[in-house]
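Position chain B relative to chain A; hints supplied.
Residue numbers (the numbering used here), protein chains in the order written: chain A, 1 to 326; chain B, 1 to 504.
Bear in mind the hints are in silico, worked out from the structure with no lab data behind them.
On a predicted model such as this, the values are computed, not experimentally measured, just so you know.
Some clues are possibly wrong.
Cβ-Cβ distance ranges computed for the label pairs, FRET-style [to be verified]:
{"id": "1", "chain 1": "B", "residue 1": "55", "chain 2": "A", "residue 2": "130", "range": "35 to 43 Å"}
{"id": "2", "chain 1": "A", "residue 1": "293", "chain 2": "B", "residue 2": "75", "range": "52 to 60 Å"}
{"id": "3", "chain 1": "A", "residue 1": "181", "chain 2": "B", "residue 2": "113", "range": "50 to 58 Å"}
{"id": "4", "chain 1": "B", "residue 1": "6", "chain 2": "A", "residue 2": "43", "range": "49 to 57 Å"}
The calculated lysine-lysine pairs, modelled on DSS-like cross-linking and capped at a C-alpha distance of 30 Å, are [to be verified]:
{"id": "5", "chain 1": "A", "residue 1": "326", "chain 2": "A", "residue 2": "186"}
{"id": "6", "chain 1": "A", "residue 1": "300", "chain 2": "A", "residue 2": "229"}
{"id": "7", "chain 1": "A", "residue 1": "85", "chain 2": "A", "residue 2": "229"}
{"id": "8", "chain 1": "A", "residue 1": "102", "chain 2": "A", "residue 2": "85"}
{"id": "9", "chain 1": "A", "residue 1": "85", "chain 2": "B", "residue 2": "28"}
{"id": "10", "chain 1": "A", "residue 1": "86", "chain 2": "B", "residue 2": "298"}
{"id": "11", "chain 1": "B", "residue 1": "298", "chain 2": "A", "residue 2": "186"}
{"id": "12", "chain 1": "A", "residue 1": "300", "chain 2": "A", "residue 2": "186"}
{"id": "13", "chain 1": "A", "residue 1": "326", "chain 2": "B", "residue 2": "208"}
{"id": "14", "chain 1": "A", "residue 1": "300", "chain 2": "A", "residue 2": "86"}
{"id": "15", "chain 1": "B", "residue 1": "28", "chain 2": "A", "residue 2": "229"}
{"id": "16", "chain 1": "B", "residue 1": "298", "chain 2": "A", "residue 2": "229"}
{"id": "17", "chain 1": "A", "residue 1": "186", "chain 2": "B", "residue 2": "208"}
{"id": "18", "chain 1": "A", "residue 1": "102", "chain 2": "A", "residue 2": "86"}
{"id": "19", "chain 1": "A", "residue 1": "229", "chain 2": "A", "residue 2": "186"}
{"id": "20", "chain 1": "A", "residue 1": "300", "chain 2": "A", "residue 2": "102"}
From the three backbone atoms N, C-alpha and C, an ideal C-beta is built for every residue, glycine too.
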Amino acid sequence: MKNLTFAAGLLTASAALADTPVLTVYAPDYFASEWGPGPSIEAAFEASCDCDLQFKTGDVLGRIILEGTRTDADAVIGLNTDITKKARETGLFAPHGQDVAKLTLPLDWTDEVFLPFNYSHTAFIYNTESLPNAPQSFDELLAADDSLSLVIQDPRSSISGLALVLWVKSVYGDRAESVWEQLAPKILTVTKGWSESYGLFTDGEADMVLSYTTSPAYHIVAEGDLTKKAAIFPEGHYFMVELAAKIAGTDNPELADAFLAFILTDTFQNLIPTGNWSLPAALPVPEWPEAFQELPLPEKVLFYSEDEAADLRAETIEEWRRALSK
Amino acid sequence: MAPRAVQIIAGAALAAFVIAPLAAVWAKAGPAVRFGPAEWAALRFTLLQAALSAALSVLLAIPLARALARSRFWGRDVTIMLLGAPFILPVIVAVLGLIAIFGQNGLLNDGLRALGFEPLSIYGLQGVLLAHVFFNLPLATRMILLGWMSLPSERIRLGQSLGLGAMARFYLIEWPMIRRILPSAFAVIFVICLSSFAVALTLGGGPKATTIELAIYQAFRFEFDFATAALLGLVQLFLSVSAAGVALWLAGHDRLGIGLDRPAPAALRPLSERCIDAGVILGAMLFLILPLALLFIKGAAGVPDLGAPVWFAALRSLALALGATLLCLCFALPLATRWGELIATLGIAVSPLVLGTGLFLIVRPYVNPFDVALGVTLCVNALMSLPFALRILRPEVQAVEQNFSHLSAALGLGAWGWFRWVMLPRLRRPLGFAAGLTAALSMGDLGVIALFGDAERATLPLKLYQLMGSYRMDQAAAAAVLLLALSLGLFWLFDRVGRYGAQD
Chain A
1 MKNLTFAAGL
11 LTASAALADT
21 PVLTVYAPDY
31 FASEWGPGPS
41 IEAAFEASCD
51 CDLQFKTGDV
61 LGRIILEGTR
71 TDADAVIGLN
81 TDITKKARET
91 GLFAPHGQDV
101 AKLTLPLDWT
111 DEVFLPFNYS
121 HTAFIYNTES
131 LPNAPQSFDE
141 LLAADDSLSL
151 VIQDPRSSIS
161 GLALVLWVKS
171 VYGDRAESVW
181 EQLAPKILTV
191 TKGWSESYGL
201 FTDGEADMVL
211 SYTTSPAYHI
221 VAEGDLTKKA
231 AIFPEGHYFM
241 VELAAKIAGT
251 DNPELADAFL
261 AFILTDTFQN
271 LIPTGNWSLP
281 AALPVPEWPE
291 AFQELPLPEK
301 VLFYSEDEAA
311 DLRAETIEEW
321 RRALSK
Chain B
1 MAPRAVQIIA
11 GAALAAFVIA
21 PLAAVWAKAG
31 PAVRFGPAEW
41 AALRFTLLQA
51 ALSAALSVLL
61 AIPLARALAR
71 SRFWGRDVTI
81 MLLGAPFILP
91 VIVAVLGLIA
101 IFGQNGLLND
111 GLRALGFEPL
121 SIYGLQGVLL
131 AHVFFNLPLA
141 TRMILLGWMS
151 LPSERIRLGQ
161 SLGLGAMARF
171 YLIEWPMIRR
181 ILPSAFAVIF
191 VICLSSFAVA
201 LTLGGGPKAT
211 TIELAIYQAF
221 RFEFDFATAA
231 LLGLVQLFLS
241 VSAAGVALWL
251 AGHDRLGIGL
261 DRPAPAALRP
271 LSERCIDAGV
281 ILGAMLFLIL
291 PLALLFIKGA
301 AGVPDLGAPV
311 WFAALRSLAL
321 ALGATLLCLC
331 FALPLATRWG
341 ELIATLGIAV
351 SPLVLGTGLF
361 LIVRPYVNPF
371 DVALGVTLCV
381 NALMSLPFAL
391 RILRPEVQAV
401 EQNFSHLSAA
411 LGLGAWGWFR
421 WVMLPRLRRP
431 LGFAAGLTAA
441 LSMGDLGVIA
451 LFGDAERATL
461 PLKLYQLMGS
471 YRMDQAAAAA
481 VLLLALSLGL
491 FWLFDRVGRY
501 GAQD
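Same shape as in the complex, but just chain A (with noise of 0.2 Å):
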């Protein structure tokens, strides 16, 4: 009988949610599931917009190169500066109309169709324990012994990999495939994704590990640890920033803007930090929560255009391919 009035009240819900209007957000698997900070925002949103908002998940930039103009995506979240040019080039996004002056980033962000919500660093992380001297520069990492040992990802199937090699492009330029050749030792190995790598790490296997300047939060406010640190570089560190667009040809387009408007609003920004483990786009740092205040943070930050880093691309892999596979 329980279960009865259970799917009784989920059909009346459902028929509900019918005259609703819904707004689809196409998002990465990590940003909507109930690890990530999609249900959260789902929720705050829902509570302003009298509208069902619904991620769907999976290779957002892919299904919409697929989809072209019948997609059913209203708006996107979680694009990275690295497809951005290839998603400009596709003429499916439209401009997404916000006051950027509200940003918080560590650089000016004019761009009238990407929208930030929240970004980090590419950075070493390390354990104090295991790591009591670890590298305090760039430099130390290349003079660093080859007993240290580094596990990082794959350029060519990682956003974070990519972004490490154009990395060491910003701080060496010409000089970036010897750079390869002097870590090479030191990379213990290479993985497909951030995931694998971070658990090698997490295990023990390897000293240091590319990720963000932003993971060592996850460990201090979810697990108390504050033994895990990002090792901060004076030549700089690469900008990883998340974005977020509104598609051009959607049904609904009011509500694509209002959930455009949402991401700079502070209950949106103020989800972001534990949600994501990641810095919010529109938030003074007084207001951030204060494990996040206290992060190192690099003073220095390297970043390339969409246009240059496209340039680049293709020659950074290959020097690092080559480098490597000696």
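Frame of chain A, contents of chain B only:
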């Protein structure tokens, strides 16, 4: 066995299910195709590692299957089942298990350092081969073991009464059976390893270990270059079908003839032989079970704390696995022929990424892909298990036909009577094994759900990846234990049903 029309329809449906998605991706492709030095290097490495992995797996499987077939000891059934576990694990989980043993700070290197030796590195071609043998030795062993079980006990008795030595017995009785099974086992493992990616890269230690599958992933997910993805998919398909074709051509028929279906007697064997067998089995157990035991220890405590969404995902995965098993067997029985086996190889010959994307393009104009995500995943899981199911069933089906068709013709048995009284009783064991394998594989496969899935349709493997992707490595370890337990449970159940009442 089945009427010819059913065989042809099943075969055509299967081929269409693989070829159509590939064509759909190709049709979406622009003109430019990239096949540069990096792709050639990837092709070379892919072939090298797949050939070596398959060769090592089948060569090591022969002594292991032989030892298992000849030995009788307490816990033998459980041992055989546990030895099959690595094959059905999600790769990322198994890799972490292997690293717990063979990694920089694994048990092996801790031991070596304690004894004053230099630590060994797992990262490189050796690591790729180690992992592939770890995954596929169980499959090869079970396939060959089934062959051993099917040796007519009358021949073995005859050999014993003639006083055949070990060499003569191997050459006269065992070798013809091995020759029948080996090429097929080699081919199927070769094809599996062709599409290896995450394992090859992680344990290969870097871009030297780049496979074609990585190039496909790169083309799809990063460059949206469908032409290159489709071309590389075709290359994989061509290599797989060639390997399967060569295997079929090499596999001869054995001429051991018919027996009375009675189990082979456990003969008194010399102590030295028994010691060797015990050593082989013990070594294999250490290699195959220890990494899993470490995973189990790491994650077991966290299982009760896994939240409701994980348990729901587990239920969804169970239902999916049972559905895929049913569908797979429905296709496997009519296709249990040499040609069927060749066609079924298509199921693992095409990259899941190409398959998933192609299916997406095909269903997209008619339905919302999200609504059919679980159905599509079920079909793809059934398809991907079919080659294994067929390799288990086909030799037995053919042996039964060869040995009993005259008799049943003489008795005038109809198609149903033939199936019910002659075929089915003799297929119990392989059917149970094939069903168990399909269910377990389907349970552990991330598959195309990753391309279509959303929160309401997530399977257990997808949950595991989501946990890892959000820093929750401990919970991921617990989810891995749950997955391992459920996969093994399904496998055990079907295998048990298959053996229930079989004379063993």
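So, going through the hints one by one against the coordinates:
1. Here the CB-CB span from residue 55 of chain B to residue 130 of chain A is close to 39 Å, well matched to the stated 35 to 43 Å.
2. Checked against the hint of 52 to 60 Å, the C-beta distance between residue 293 of chain A and residue 75 of chain B comes to roughly 58 Å, which is consistent with it.
3. Hint check: residue 181 of chain A to residue 113 of chain B, Cβ distance near 29 Å, so the stated range 50 to 58 Å is violated.
4. At about 52 Å, the CB distance of residue 6 of chain B to residue 43 of chain A agrees with the hint of 49 to 57 Å.
5. In summary, the hint linking residue 326 of chain A to residue 186 of chain A is supported, as the alpha carbons are separated by about 14 Å, within the 30 Å threshold.
6. Note on residue 300 of chain A and residue 229 of chain A: the hinted pairing holds, with a Cα-Cα distance of about 18 Å set against a maximum of 30 Å.
7. Distance hint between residue 85 of chain A and residue 229 of chain A is unfulfilled; the C-alpha atoms sit about 33 Å from each other, more than 30 Å.
8. For the hint linking residue 102 of chain A to residue 85 of chain A, the alpha-carbon distance of about 24 Å falls within 30 Å, and the restraint holds.
9. Taken as a hint, the residue 85 of chain A and residue 28 of chain B pair is honoured in the structure, with Cα atoms around 20 Å apart against an allowance of 30 Å.
10. Between residue 86 of chain A and residue 298 of chain B, the direct Cα distance comes to roughly 43 Å. Violation of the 30 Å bound is thereby established for this hinted pair.
11. This hinted pair checks out: residue 298 of chain B and residue 186 of chain A have alpha carbons roughly 28 Å apart, not beyond 30 Å.
12. Taken as a hint, the residue 300 of chain A and residue 186 of chain A pair is honoured in the structure, with Cα atoms around 25 Å apart against an allowance of 30 Å.
13. The suggested pairing of residue 326 of chain A with residue 208 of chain B holds, with an alpha-carbon distance near 8 Å, which does not exceed 30 Å.
14. This hinted pair checks out: residue 300 of chain A and residue 86 of chain A have alpha carbons roughly 28 Å apart, not beyond 30 Å.
15. Note on residue 28 of chain B and residue 229 of chain A: the hinted pairing is violated, with a Cα-Cα distance of about 46 Å set against a maximum of 30 Å.
16. Proximity of residue 298 of chain B to residue 229 of chain A is assessed by CA-CA distance (about 24 Å); at most 30 Å being required, the pair is judged to hold.
17. The hinted pair formed by residue 186 of chain A and residue 208 of chain B meets the criterion: a straight-line CA distance of about 15 Å does not exceed 30 Å.
18. Between the alpha carbons of residue 102 of chain A and residue 86 of chain A the distance comes to roughly 27 Å, so the proposed pair stays at or under 30 Å and holds.
19. Our distance criterion of 30 Å between C-alpha atoms is met by residue 229 of chain A and residue 186 of chain A, whose separation comes to about 19 Å.
20. Between the alpha carbons of residue 300 of chain A and residue 102 of chain A the distance comes to roughly 21 Å, so the proposed pair stays at or under 30 Å and holds.
Of the hints listed earlier, those the structure fails to meet are numbers 3, 7, 10 and 15, in rising order.
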